[in-house]
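Peer 1: Line by line, the protein sequences give chains A, B, C, D and E.
The working numbering applies: residue 1 is where the first sequence begins, and numbers increase by one.
The working numbering applies: residue 1 is where the second sequence begins, and numbers increase by one.
The working numbering applies: residue 1 is where the third sequence begins, and numbers increase by one.
The working numbering applies: residue 1 is where the fourth sequence begins, and numbers increase by one.
The working numbering applies: residue 1 is where the fifth sequence begins, and numbers increase by one.
One thing to keep in mind: the hints can contain errors.
As the list claims (entries may be wrong) - The calculated DSBU-like cross-link candidates involving lysine-lysine, where the alpha carbons are at most 30 Å apart (straight line), are:
no., chain 1, residue 1, chain 2, residue 2
1, C, 154, A, 130
2, D, 52, A, 109
3, B, 95, D, 89
4, A, 130, C, 264
5, A, 177, E, 28
6, C, 129, A, 130
7, C, 356, C, 318
8, D, 52, B, 52
9, C, 319, C, 115
10, B, 52, A, 109
11, C, 222, C, 154
12, C, 141, C, 351
13, C, 161, C, 222
14, A, 130, C, 161
15, A, 130, C, 170
16, C, 196, C, 154
17, C, 222, C, 273
18, A, 130, C, 196
19, C, 154, C, 137
20, C, 318, C, 170
21, C, 264, C, 319
22, C, 273, D, 52
23, A, 130, C, 141
Calculated directly from the structure, the hints in this document are not laboratory data.
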Amino acid sequence: MPKWFEGWLGWALLAAAGVLFPFVAGNDYRLTVMTTACIFAIATLGLNLITGYTGQFNMAHAGFMAVGAYTLGILTVDHQVPFWIAFVAAGAVTALLGWPLGWLSLRLKGHYFSIFTMCVGVILFLVLEKWESVTHGTVGLMGIPGPAPIGPLRFETPVQLYYLVLAFLALGVWVMKRITGSLLGRTFIAIRNGDDLAEALGIPLMRNKLVAFLVSVLYAGWAGALYAAFVRFVGPDVAGSQNTFDMTMYMLVGGLGTVFGPLLGAIAVPWLTQSLQFLQEYRFVIFGPLLVALVIFLPHGVVGTWLAWRARRAAHASAASDPIAGPQATEVRGA
Amino acid sequence: MLSLEGVSLAYGSFRALDGIGLHAAAGELVVLLGANGAGKSSIFLTASGLHKPASGSIRLDGEEIAGTRPAQIVARGLVQCPEGRKLFPQMTVLKNLMLGAYVHRRDGAGNRSRLEEVLALFPILAQKKNDPAGSLSGGQQQMVAIGRALMGRPRVLLLDEPSLGLAPLVVKQVFDVIHRINAAGTTVLLAEQNAHAALKIAHRAYVIERGRIVLEGTPETLMNNDAVRKAYIGA
Amino acid sequence: QEVVKIGFSGPLSGGAAQYGKNTLDGLKFAVDELNAENFQVGGKKVTFDVVALDDKYNPSETAINFQRLVQESKTPVVMCPHSGGGFAIQTSNDRLNALLLSYTSVPKITAMGNKHTMRIPPDFSAYVKPFVAYTMKRFGKNLAIAGADHEYAKEWTALVKPAWEAAGGKIVADNPMSYNRSTDFYSGVSKALAAKPDVMFIGGASEPTGLVAKQARDLGFKGGFIVMDQAKLNEMKPIVGSYAALEGAVGVLPVMEDNSANVKAWVARWMQKYPGREPGSEASLNYTAMRVTALAMQLAGTTSDATAIRAKLGEAIKKLPAAQNLANYDAIDANGGTSGDIRVAVVEGGKLKEVKLTELGK
Amino acid sequence: MDVLLQQTLNALTLGGIYSLVALGLTLVYGILHVPNFAHGAFYMVGAFIALKLMGGWGVNYWLAMVGAAIVVALIAAVSERLVFHPLRKASGLHPMIAAIGLLLFLESGAQALWGADFLRMQTPYTGMVEFASLALPQQRLLIIVAAFALMLALHLFLTRTVTGSTIIAMAQNREGAALVGIDPDRVAIMTFAISGVLAAVAATLYAPINLVYPAMGDLVITKAFVIIILGGMGSVPGAIVGGLIIGFAESFGAFYISTDYKDIIAFVLLVVILSLRPQGIFVQGAR
Amino acid sequence: MLEVRHLTKRFGGNVAVNDVSTVIEGGKVNAIIGPNGAGKTTFFNLIAGVHPASEGSIVFEGRDITRLRTDQVARLGIARTFQATTLFDTATVLDNLIVGHRLRTRSGLLDVLLGTRRLKAEERLCREKARDALDFVGLGHIENRLAGDISQEERKRVAFALALATEPKLLLLDEPAGGVNPEETEGLADLIRKMVAHGLTVCLIEHKMDMIMRLADRILVLSYGEKIAEGTPAEVRANPAVIDAYLGSEHAVA
Ligand SMILES: Nc1ncnc2c1ncn2[C@@H]1O[C@H](COP(=O)(O)OP(=O)(O)OP(=O)(O)O)[C@@H](O)[C@H]1O
Ligand SMILES: Nc1ncnc2c1ncn2[C@@H]1O[C@H](COP(=O)(O)OP(=O)(O)OP(=O)(O)O)[C@@H](O)[C@H]1O
Ligand SMILES: [Mg+2]
Ligand SMILES: [Mg+2]
């Protein structure tokens, strides 16, 4: 990958590929896979903000995704709230719930935080399953309406739905690029690299972590709402740890702490699993070791490995030739 | 007693040691001088078997030990008091010391009398012996680390910057202790930045720069070497 | 000769994998028989080929699988053994003209107006009243609910409760448990028994149900059991130890214990193909569903037009030879819900006995 | 009264099993700082091995338990070598994901090998012990006695033997341990093997009153995580007491509150306790 | 500038700092010495708000800061360095330094989303401050090197620069010359003098007596958590209590 690929030109090309995809997809199946992948990519981007950038591995991420999905589902199905209002509410409810839960969890560090959030995830799951009067329990919510038209834009066919999701993904990527490239993103990274030091530098830990956490669950909540609108059904399983594990894997395959990495992982891995369908029940006998190998041999993911190599080379080159006007390191700014 | 020949070590692509050759005869106290990052610790860690040398040979009593497991090297009498102490912070001081005698675990009586000696050397440790080692101050922890190494009944003792972070009074004590240990017959290899104090008790010294030995000699010759004075003794 | 692909999306890995496989094998067994029979549609020989995809019980994966089956494999029919997946499929099967064979008893699957759905298990509501009458008469008026808490069990509970009360009984404990996740029923059962019931309503997957019954007996329960139809008495038996321990239980007749000639013959064929593997209703019902579907294709003269096939399902049910109609289907309603004559059994004197539903509790 | 005793018995049964599973988890965490998600799979494999030894080969219950312990110890040791050893220097997330990979492998492997159905393990101890007016199931009494005996043995091993203290030393400083002559690799393998033994024994004890199937470890392992985080990760007494707390909370909670919410109890308890005491019950100082 | 009154810190039964009262004077080099375990680092941690004090109060420029959080203390103008500096090894030195000035900026999530002018200005400001700090410690030429590639002494200086970028009034340095050779120690001492010359107040912990005696204006001596002496270097090194507890005869007044 040459250098220009990381600039706006690279992103523009990527966006173009996204826009052109339906023309080469050939059938709805590929569109469905891609749309689902894009929805999970949005949630994965969020997870990456709190995990990859801020260093706190949140294992309740799928739980928050489910909260978004259920909010949309309950409002539209049981209360006939218009779709887009329910959609906004999905984000609001997720954030409202994320606030106290984040505050509670973020007082813990490292593995404690992770396992605590894993428990929060289990609680979210169990509540969705048991609180029948609201969530319809194990039966789940059926007949969730698809996205309502906005003016002349309708979202009924798979292609239209795909473009809607793609638009949200593009927005998500754009916002995430902005955050990670800004002073705020640097603050998150500082916390990840050493919270004692960050605090001594006058960075309020809790407030910053909470901001990262809230943005991250917002991504999850809206991804969940899109999920509900796309699949038209939600059950408690959305909150299951399996989904969190999947998203973590996407993040790792691409590379933690970059924007492009998790995006790549979230799009590429589902295609890989699709192509392994023929293995059926033996799928995970192969997939498990594959995951282990990936973590051992490519710890920074595809993008991370490549970036680290490039950053080092660039730094050496600029240090040798032009010590004053070197470019900013892309690692910090994210790809 | 201990000799290194042509030892090289690489961390990834970075060459930390480049053909190191040095030796210490039985009963000798040999000092390694060198700036930060010169490679002193790397030499020690390689000798203890924690890093595998890319090439070269390390002999203890004439036997090759390069590539041997660390545990076996300790059992043969080469014990290190590492840089950064590497204690077991939640274990009591006493347990830390007793684990130092791990390779002699079948000799209970010997270990007990050894423990007496060590606690006599560092009386403060006797007071704190039931406290978790991690709750001690930096200097006290350094004492535990030296004590733990002594519990291993070394024939060759490697001390990596034992005075780092210690109060002057304690530094003096530590050097006294080292002197006494050596006088009692233990071969000592000492890495230090505090060249002044180290050279006072040394028999011989090496100067290391960027992973190579650049100078070797008696304390007197080094003390009189201008470059050495400037770099390691100050003023 | 034409090859028609039949789609399947269900759990083939994870905790529900065995269930998924059981349903799939029922389908496959029918397909194998059809392929061996020189089956013809519109005068052309047709062979079937099952394309099975794993969805880990996850509806979003079902949605993807369904698209893949219909678009890439061109399957006119897709079978899915869980309600979430069924709902996911119903979002697009009308548009794509594909028939959903839904193996779930959740009534909503046929209440949403989907035009291409067939619900495989026959309506179970008919069991409830005779079961209630039988156990109440034999043991007494106090019932403890200790069934599972998944969607299907909830539907059942919702029918049993009013029926029991309508018959003059009392619900003394209402204590559903998670049969799918946990397998320690000590607290739950002891809680239910603390209310001194005469009869317990239990049921989820067979083995955990057996464990619940065993736990109840261990804790000294002497009354009867109303066993929800998901659990099979013969599969509970090895867990509890013997039929004697299940004395007074009433439930559906296990396929293996069915003495009718047709079923016995079918079981024999099955056991020949899968030695050592006893078929359950997952196998027999899906077998029947595939048979009905194949016959409907023949009647409609098409293997690809799901609308036409759906339209002929009713006629196919009527025409299906009794030897193949193991579900005892007698009709299918406008929404795709099936109904049929259900065969039930009770444990009396330490033995399993088939009884006519109409004679229960008389 | 009767009910109280029944529930206490049940609480001790659950607590004993939970503690055994949590102990293995906490030991491994202490040494390698890996939250070993595959530990539940070790537990599951243990149950299957014992079941197959008893069913297929007619081996006696106790021998089957020993056999399962050996096989799972081997599997655990091999996992350490192949999966966690190469990752010993990696950051926290990576070993965690690798553990998930291992879990997927073992679970699907077990399913491919032994099928996904619920199986039942028969034991000779199906009877009841009559005690005062109580009927106590033999197997449950057996679980309680065996679990607590094993815990005591483990405790003595860790605190009284030199080999035991090498495990603790390793947990606190790997390089330091190497420098006093402890072989870190051997200790890591040994710890994994011990955790495997604990898991296999717990599974074999519990299976007769339970069912054996590939996903049987999932819920147990999440609860074991709750336990070790309650007790403080890496803390041995914490795992034991934490296991009992959860055992009692579940048993009594299910009885007096609701069975419906039984499985939430452990998690809610954790959230409440950690909200009040972020460092866990047994750990001094902050995290 | 900073006044400490009857400060006490207990860890369980262990009294790490015991009823210490002192004043850190503005514009000077204040040193803290004392035997190992005397409570020096703990004293710093109390001022910086890492541990809450058990008793006593800390007043900075007339304001009571005893109960403030670390980041609030930092914002008031107290910066500190740690023994081991954690830098982000795969980023450049400059990138590591940019967050140093973050505490003086206001931009939040909203600014980032809207791309406000304030954010742009503040990002530029942070970059400038980072460069200034780097120039100040004499490392302007390595701003584009990866932090993982620089030498130990350079890392110490980067740690200084990071503290300086917060625009502190008071700098707390915990063993800044620990493990640095004599030649480099002198360089660091010069740097500390330069900071004071620029109006900063410095408070440092050090065991290197040669350096301390030449550098410090005032010295506070702690032993077993208690203050045993305070004064100019000459006074301190003549104090018999200090000689007994800490210095030994070697460094005492000749
Ligand atoms: N594990 C490692 N990985 C990569 N590089 C290392 C590692 N350990 C040491 N180095 C590098 O090797 C070189 C020699 O380091 P070493 O620790 O041996 O020096 P030293 O003389 O002991 O220095 P000090 O006085 O700081 O203890 C240094 O440049 C150091 O950065
Ligand atoms: N977090 C803590 N918990 C318990 N005890 C502590 C803690 N921090 C320090 N102590 C204790 O307080 C005392 C003072 O420690 P401190 O680190 O302040 O000493 P110091 O003067 O900095 O020593 P050194 O010069 O060796 O670094 C020591 O006895 C230490 O054991
Ligand atoms: Mg060193
Ligand atoms: Mg200190």
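Peer 1: Flag every earlier hint the structure violates by its number, smallest first.
Peer 2: 2, 4, 5, 8, 10, 17, 20
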